[in-house]
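Here's the letter readout for the chains.
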Amino acid sequence: MKQSLQMTVNGQRHTVEVEPWRLLLDVLRDDLGLMGAKRGCGEGYCGCCTVLLDRKAVHACCVLALRAAGREITTIEGLAVEKKLDPLQETFVARGATQCGYCTPGMILSAKALLVKNPHPTEDEVKIALSGNLCRCTGYAKIVEAVLCAASSAQERNL
Amino acid sequence: MPRFEYLVPQSISQMTKHLAEYGEDAKVIAGGQSLLVLINQGLVSPGVLVSLNEVAGLDQIVHDDSKGLEIGAAVTQTQIATSALIREKYMGLAQAAEKVGSVHVRNLGTVGGNVCHADPGADSPPALLALQASVKAVSRRGERIIPLDGFFRDSLESVLEADEMVTHIVIPAASPFSNSVYLKYAARAVDRATVGVSVWWTWDAEEKCRDIRIGLTGAGPTPLRAKQAEALARGYRLTNEVIVEMGQMAARECDPLSGGHAPASYRRKMVAVFVRRALEQLVKEMNRIRREGNTR
Numbered sequence: 001m002k003q004s005l006q007m008t009v010n011g012q013r014h015t016v017e018v019e020p021w022r023l024l025l026d027v028l029r030d031d032l033g034l035m036g037a038k039r040g041c042g043e044g045y046c047g048c049c050t051v052l053l054d055r056k057a058v059h060a061c062c063v064l065a066l067r068a069a070g071r072e073i074t075t076i077e078g079l080a081v082e083k084k085l086d087p088l089q090e091t092f093v094a095r096g097a098t099q100c101g102y103c104t105p106g107m108i109l110s111a112k113a114l115l116v117k118n119p120h121p122t123e124d125e126v127k128i129a130l131s132g133n134l135c136r137c138t139g140y141a142k143i144v145e146a147v148l149c150a151a152s153s154a155q156e157r158n159l
Numbered sequence: 001m002p003r004f005e006y007l008v009p010q011s012i013s014q015m016t017k018h019l020a021e022y023g024e025d026a027k028v029i030a031g032g033q034s035l036l037v038l039i040n041q042g043l044v045s046p047g048v049l050v051s052l053n054e055v056a057g058l059d060q061i062v063h064d065d066s067k068g069l070e071i072g073a074a075v076t077q078t079q080i081a082t083s084a085l086i087r088e089k090y091m092g093l094a095q096a097a098e099k100v101g102s103v104h105v106r107n108l109g110t111v112g113g114n115v116c117h118a119d120p121g122a123d124s125p126p127a128l129l130a131l132q133a134s135v136k137a138v139s140r141r142g143e144r145i146i147p148l149d150g151f152f153r154d155s156l157e158s159v160l161e162a163d164e165m166v167t168h169i170v171i172p173a174a175s176p177f178s179n180s181v182y183l184k185y186a187a188r189a190v191d192r193a194t195v196g197v198s199v200w201w202t203w204d205a206e207e208k209c210r211d212i213r214i215g216l217t218g219a220g221p222t223p224l225r226a227k228q229a230e231a232l233a234r235g236y237r238l239t240n241e242v243i244v245e246m247g248q249m250a251a252r253e254c255d256p257l258s259g260g261h262a263p264a265s266y267r268r269k270m271v272a273v274f275v276r277r278a279l280e281q282l283v284k285e286m287n288r289i290r291r292e293g294n295t296r
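So the protein lines, in turn, are chains A and B.
Per the numbering used here, the very first residue in the first sequence carries number 1; after that it's consecutive.
Per the numbering used here, the very first residue in the second sequence carries number 1; after that it's consecutive.
Same shape as in the complex, but just chain A:
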């Protein structure tokens, strides 16, 4: 019943044998040991399981693993380059945009997908991009601030 699944995760090619009913989230966590994406609601609401599929944010709890065949996945573990945090991760730390941390990987990846496509978003665009990610601690204000701050400091660096 198992099928061979080839996909690129955080720049590395992987071949995994999976049953067709396995979810992408479970294969990332249980087979590849990448625990950054979390299981939350399992219904595509909370966004704790957010990963990037070909640079687009998706809920990994609502994607069959086999759907990722031949495609590129980015998890939160793939953002830092040689232990240097991504600027989004740095601003989340600097701005105190995390509390318990459970939603943080998903928040950062949704924000990453937005900034890749739209490097200078408005506050409303940030809120829309994060509408598939729930946070039960922070009240969202600092998260939105952190994303806007990461976008504007990227702009300054490019000047």
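Please keep in mind that the hints were generated in silico from the structure rather than gathered at the bench.
Any given hint could be a false lead.
Far from chain B, some chain A residues (derived; all Cβ distances over 12 Å) [to be verified]: (1) 8; (2) 96; (3) 99; (4) 145; (5) 148.
Below, computed lysine-lysine pairings styled on DSSO-like, alpha-carbon distance capped at 30 Å [as the list claims (entries may be wrong)]: (6) A/142 / A/127; (7) B/269 / A/127; (8) A/127 / B/284; (9) B/17 / A/2; (10) B/27 / A/2; (11) B/67 / B/136; (12) A/56 / B/27; (13) A/127 / A/117.
Here the structure is a predicted model, which is why all the values come from computation and not from measurement.
Where a beta carbon is used, it is the ideal one built from N, C-alpha and C, also for glycine.
Please build the complex by placing chain B on the supplied structure of chain A, with the hints as guidance.
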């Protein structure tokens, strides 16, 4: 997670062969944003999922000025929402697409899936009803075009047979002097609509309504048209009085269910409010279009 087989055919004929073979035990999967949730929750347990994602051409939006628009069953809501063509000619559909769930859901979820899932609070169906859309349904037995007005049978049920699949959504050519809109009312952005209203209309040189269609969601066991409200408009200018009366008529003729944040009586009231707002917005936009001499 319940167990199932997963088939990924490369052509429509392979697809329909699988569907004919497995019948009720098979389900077509596109983006999976509704179906996988139902499976996760144990509400359905198909033995076979047949993916349409690798069938060539189904991820295309094809437009022809005389024939209209053909949307493949694998086209995502993100594709619809960001299509310049759809935003220009079928704005109500683009607005419905950008209101479906979250970015995550829209990146995988398809307009075809949104229709076939037949959720009474789904966003795409009212917009498609207003645009007089049909679906192209294919099986081993042949092909048929099913008008969307008549496609929905009950909550989560359509007239589609077990061996049929929707390959395309077809929308007639956009007429000049026409416009459409979709307004959604929901407790949170990612929720299904408490009430959603889409209106398409076309006007004449005297700003009278030549034709109009109103699609509602959250207002019955299925998405539906508000045909009695439409009848109040044809041949008339959409004055404030007419608009208010149309909202009230739509509220009377719809058949909302209770539950999901709102009792039926409240949904009915919101139908009146959002039909009115949608019409007010369209009249405002007509005035702008006429001022700019745009013949869209």
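Problem set entry | Hint numbers contradicted by this structure | none
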